[in-house]
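So the protein sequences, as listed, match chains A and B.
With the numbering used here applied, the first sequence corresponds to residues 1 to 300, in that order.
With the numbering used here applied, the second sequence corresponds to residues 1001 to 1634, in that order.
Hints are computed from structural coordinates only; laboratory data are not their basis.
Cβ coordinates follow ideal geometry from the N, Cα and C atoms, glycine included.
Worth double-checking, as some hints may not be accurate.
[Said to hold, decoys possible] List of simulated lysine to any residue pairs, SDA-like, C-alpha gap at most 25 Å:
{"hint": "1", "chain 1": "A", "residue 1": "K97", "chain 2": "B", "residue 2": "Y1131"}
{"hint": "2", "chain 1": "A", "residue 1": "K97", "chain 2": "B", "residue 2": "L1076"}
{"hint": "3", "chain 1": "B", "residue 1": "K1425", "chain 2": "A", "residue 2": "V181"}
{"hint": "4", "chain 1": "A", "residue 1": "K97", "chain 2": "B", "residue 2": "W1320"}
[Claimed, not checked] Facing chain A, according to a computed beta carbon distance under 7 Å, are these residues of chain B, among others:
{"hint": "5", "residue": "G1074"}
{"hint": "6", "residue": "L1076"}
{"hint": "7", "residue": "I1119"}
{"hint": "8", "residue": "P1123"}
{"hint": "9", "residue": "D1130"}
{"hint": "10", "residue": "Y1131"}
{"hint": "11", "residue": "A1133"}
{"hint": "12", "residue": "G1138"}
{"hint": "13", "residue": "E1141"}
{"hint": "14", "residue": "M1142"}
{"hint": "15", "residue": "I1145"}
{"hint": "16", "residue": "N1149"}
{"hint": "17", "residue": "L1302"}
{"hint": "18", "residue": "L1308"}
{"hint": "19", "residue": "P1316"}
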Amino acid sequence: MGAFLQYTVIGLTVGSFYALVALGYTIVYGIIRLINFAQGDLSMVGAFLGWTLLVSFGFQRLPLYLALIIAFVVPMLGTAAVNIVILQFAYKPLLRKSLLAILITALGMSLLLQNTAELIWGPSIQAYPPNLLPSTGFFMGPVHVTYVQLALVFVSLLLMGGMVLFVQGTTVGTAMRALAVDHDAARLMGINVDGIIRLAFVLGAMLAAASGVMLGLYYVQIQFTMGFLLGLRAFTAAVLGGIGNIPGAMAGGMLIGLLESYTTGYLSGSWKDVIVFGVLITVLIVKPTGLFGERVAERM
Amino acid sequence: MIDRLANRGVAHAYVRSRDQLGRIPFWARVIAILAVVGGAVLLNGDDYVTAVAVTVATYAMLGLGLNIVVGYAGLLDLGYAAFFAIGAYTSSLLMTEAHWNFFATLPLAVLFTGTAGAILGYPTLRLRSDYLAIVTLGFGEMTRITFNNWDYAGGPNGILQIPWPNFFGYELNTQGDFLIVGLVLLAVAMIFARNLDHSRLGRGWVAIREDEFAAESVGVPSLRLKLFAYVMGGMWGGLAGAFFATRIGAIDPTSFTFQLSVLVLIVIVLGGTGSLPGVLVGALVVVAMPEVLREFADRRLLIFAVLLIGMMLLRPQGLWPRIRRKPKPFYGLQEEESEDVADRILREHQVQMEERERRHAAAGRQVPQKGEALLEIEGLVQQFGGLRAVDNVTFEVRRGEIFSIIGPNGGGKTTLFNCITGVQKPKRGKIRFDGRSVVGLRPHVIVSRGIGRTFQGIRLFKNMAVFENVMVGLYPRHRTMTWQTMLHTPGERKDEVRTLQESRRWLGFVGLESVAGRLATELSYADQRRVEIARALAAHPHLVLFDEPAAGMNPTEKLELVSIIRKIRDLGITVVLIDHDMSLVMRVSDRIAVLDHGVLIALGKPAEIQQNPAVIEAYLGREEDLLEDKAQGA
Ligand SMILES: Nc1ncnc2c1ncn2[C@@H]1O[C@H](COP(=O)(O)OP(=O)(O)O)[C@@H](O)[C@H]1O
Ligand SMILES: [Mg+2]
Chain A
1 MGAFLQYTVI GLTVGSFYAL VALGYTIVYG IIRLINFAQG DLSMVGAFLG WTLLVSFGFQ
61 RLPLYLALII AFVVPMLGTA AVNIVILQFA YKPLLRKSLL AILITALGMS LLLQNTAELI
121 WGPSIQAYPP NLLPSTGFFM GPVHVTYVQL ALVFVSLLLM GGMVLFVQGT TVGTAMRALA
181 VDHDAARLMG INVDGIIRLA FVLGAMLAAA SGVMLGLYYV QIQFTMGFLL GLRAFTAAVL
241 GGIGNIPGAM AGGMLIGLLE SYTTGYLSGS WKDVIVFGVL ITVLIVKPTG LFGERVAERM
Chain B
1001 MIDRLANRGV AHAYVRSRDQ LGRIPFWARV IAILAVVGGA VLLNGDDYVT AVAVTVATYA
1061 MLGLGLNIVV GYAGLLDLGY AAFFAIGAYT SSLLMTEAHW NFFATLPLAV LFTGTAGAIL
1121 GYPTLRLRSD YLAIVTLGFG EMTRITFNNW DYAGGPNGIL QIPWPNFFGY ELNTQGDFLI
1181 VGLVLLAVAM IFARNLDHSR LGRGWVAIRE DEFAAESVGV PSLRLKLFAY VMGGMWGGLA
1241 GAFFATRIGA IDPTSFTFQL SVLVLIVIVL GGTGSLPGVL VGALVVVAMP EVLREFADRR
1301 LLIFAVLLIG MMLLRPQGLW PRIRRKPKPF YGLQEEESED VADRILREHQ VQMEERERRH
1361 AAAGRQVPQK GEALLEIEGL VQQFGGLRAV DNVTFEVRRG EIFSIIGPNG GGKTTLFNCI
1421 TGVQKPKRGK IRFDGRSVVG LRPHVIVSRG IGRTFQGIRL FKNMAVFENV MVGLYPRHRT
1481 MTWQTMLHTP GERKDEVRTL QESRRWLGFV GLESVAGRLA TELSYADQRR VEIARALAAH
1541 PHLVLFDEPA AGMNPTEKLE LVSIIRKIRD LGITVVLIDH DMSLVMRVSD RIAVLDHGVL
1601 IALGKPAEIQ QNPAVIEAYL GREEDLLEDK AQGA
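Model the full structure from these sequences, guided by the hints.
In structure tokens form, the structure reads like this:
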């Protein structure tokens, strides 16, 4: 029982990272029906930007709260800028053309980000400052919870909550939801479609970057290839929750995190991705709209 | 570029020599080219160059397989390395553990990969195409991780000391030997691929790639064909994998990463998806470029990524595109007089009808005769959320008549067609055709029952030639088997010639024979509508449904359309027509039904409809709607 709860804590922590990336997938997919393969790699870019600030620029020596604010905000903005460039330069010209072309472009973009990162930051593993955050924690019965875990989950929930409020509660959010249903109708209603698409890319990138920095802080080690599996697991989470469905993506992320943690704990770490992809394929076969239903109107 | 030169008429000599070259059979060209290249490499004798050539051949083989999946059928497969791995492991394990001969392992390697493809493909191919990309990606990773964790197959160390292949006592153990085997396999793969490309099956695949919904609606069993493409591409990969394993002599899971799947994808995207010479060009670029430009070898993925994105943005058709335009599509076919054409179509159609009556009689069913109900709709309801698009509609269409459905926009006319053709399942109600229910059947099955259709928004296969569009419509009429196609057997050839001939007749029937070789998108709006009509007729339906065929036509074109519709009726085909042009509808129809807000408000002869107060009310009451229709040309 103790072990089970311990795995649960780990699963929820990791799951909250996945949920952030999954949220990015879901927002972008909901609006332009594009699986942005580069989503996971954006997370990697965010992680490296954060690393550059903390380690290369030495911001780790600033007071902790200041260092953390910089290490989150700057990468989020930087990654958003990268994603906007990608959108304008690569996806925009293809939006109304074939699905195959835009998927292949997205794949190329993922490769490009990875290899550019390798060029800039090198192929080897880089380490976040290990002692930046306290490694202390407390016991809840038999379960050990670190303050870092608590803080990371808290920040994730904050970001996700903000996201939900934004999409449900603001006019811009309403416009986003209208766009998810029908572009042409939304355009006729006077919604700035291009602007909303850009906004979706900005938000998606910011969430991804935040999760990247969190991964760096949590696992310490980062590498230019880290975005690939992260992206894949997050996409699985998005599909599991029902693509286009924002609370679904959050729940899906947590579920994938738990699944992974239990598999690692009870079976072996080397099987965890087999299980995750097995779940993906099974969900798509049995319930392609995800556990909580997708929010994308199928058009013919 | 070649294409552009030809268009400008700059390179006449080149075009002529290409035409002459075109007369040499493809297989002879492939063998000649590969023999020359192979001979040159072997004579050169440099082991390193030979080894690179073998790798190029391996990638070309993989590319040919993936080309079927991505290039023809348009399914993005990102886990292709899995098939390569399954083929390699199957063959290696049989050789090391069971001491089989390499060549004996090939059938099993191919069989295993094919089975894996079918197991994964069957449930997943009905998903949206972008989901498929992710599912295949996941499958690729799962396969690699599974081999990595599987102790019997050596775990992370893989399988070592795979024996050399033995060919009737001769041990193949030099790079030169492998080059010969590789080129032979490649030649066979090329010839099979070309035969598939120029076949009923190949056209079906490309139609699915261009517009899956339209393909299904003109009789192409899209699910089955996609599965076919996926399985066949997988088998190809399995063959290449077996070859790769014995050539390298040792395999481990790192040989089958996602990166390999991406590289093979780059091979076909660079060369041009769907293009066979393009695959060779792509394989050459992907394998040889890093060898030649050593200083960039470390950065090759970066370069490939840029190439991939650049190609999609600037030259999506690839370096050596597959050209689907054809200046003389009917070259070599027997000429037919135009009087003859209509006659032949009529005779052919009568043969079809008689055959059908025999079939029905054999099954103990009565075929409706002229004037009897061919299509019966009873209490049909279709609902979208709270909106009743079709509300309890009952009517029948009699054999041999021209039946029109009119009504304001949003009246439910197209929805009615969608229910009849199986695109949508109605919420309630009965639809009987030929006395048999068609509710719940897949669209392509309904086409083979004898219902053809056109679409309100034109849905031609844009990147196929006009005559190919019509040939796709002929899909349900033939029963060629895949193996016949791959071997290009005499029976298959005869079918192909017949298909070509019939597509020409139907294009003659709608007056478009002269533009048969152009791409569908290059035609005017009105002509595209006529191509759609020819495509719908090609399968010799008993009933055709035309959804606003006159939309966007000028008065002359409308006149021609009327004469085509009458000609269709004269063949004995029943016509159901949706249109907004009252004078056209009144002139051509035997009976008219009026749908308003999903409700059938009137049914009768044109004169009765014109007098009907409910109809006048529906139209006059909503004058703005009518104006809007006209403004949208809808
Ligand atoms: N797939 C669909 N989902 C939701 N509503 C639909 C769908 N197809 C049609 N409708 C609605 O059903 C009504 C009838 O549409 P339609 O059959 O296209 O009319 P018509 O062809 O007579 O102009 C319209 O209000 C349309 O918006
Ligand atoms: Mg309509």
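- prompt: Any CB of chain A closer than 7 Å to the CB of M1142 (chain B)?
  reply: holds (5 Å)
- prompt: Can we keep the D1130 (chain B) interface hint, with Cβ of chain A closer than 7 Å?
  reply: holds (5 Å)
- prompt: With 7 Å as the cut and Cβ atoms as the points, is I1119 (chain B) at the interface with chain A?
  reply: At about 11 Å, which exceeds the 7 Å cut-off, the nearest Cβ of chain A leaves the hint on I1119 (chain B) violated.
- prompt: Would the stated hint for N1149 (chain B) survive a check requiring a Cβ distance to chain A of less than 7 Å?
  reply: Hint on N1149 (chain B): holds, closest Cβ of chain A at ~5 Å, below 7 Å.
Given hint G1138 (chain B) near chain A, where the shortest CB pair must fall under 7 Å: holds (3 Å)
- request: Would you check whether A1133 (chain B) satisfies its interface hint, that is, whether its CB is within less than 7 Å of any CB in chain A?
  value: Since chain A brings a Cβ to about 6 Å from A1133 (chain B), closer than 7 Å, the hint holds.
- prompt: Can Y1131 (chain B) be said to touch chain A, with a Cβ gap under 7 Å?
  reply: holds (6 Å)
- prompt: With 7 Å as the cut and Cβ atoms as the points, is P1316 (chain B) at the interface with chain A?
  reply: Result: holds, 5 Å to nearest chain A Cβ.
Per-residue hint verdict: L1308 (chain B), partner chain A, C-beta under 7 Å: holds (4 Å)
Interface hint outcome for G1074 (chain B) [beta carbon to chain A under 7 Å]: holds (6 Å)
- prompt: Is the hinted pair K97 (chain A) and L1076 (chain B) satisfied, with a Cα-Cα distance of at most 25 Å?
  reply: holds (16 Å)
field: chain A contact restraint on I1145 (chain B) - CB to CB distance below 7 Å
entry: Holds. Min distance 5 Å.
Of the numbered hints listed earlier, the single one contradicted by the structure is hint 7.
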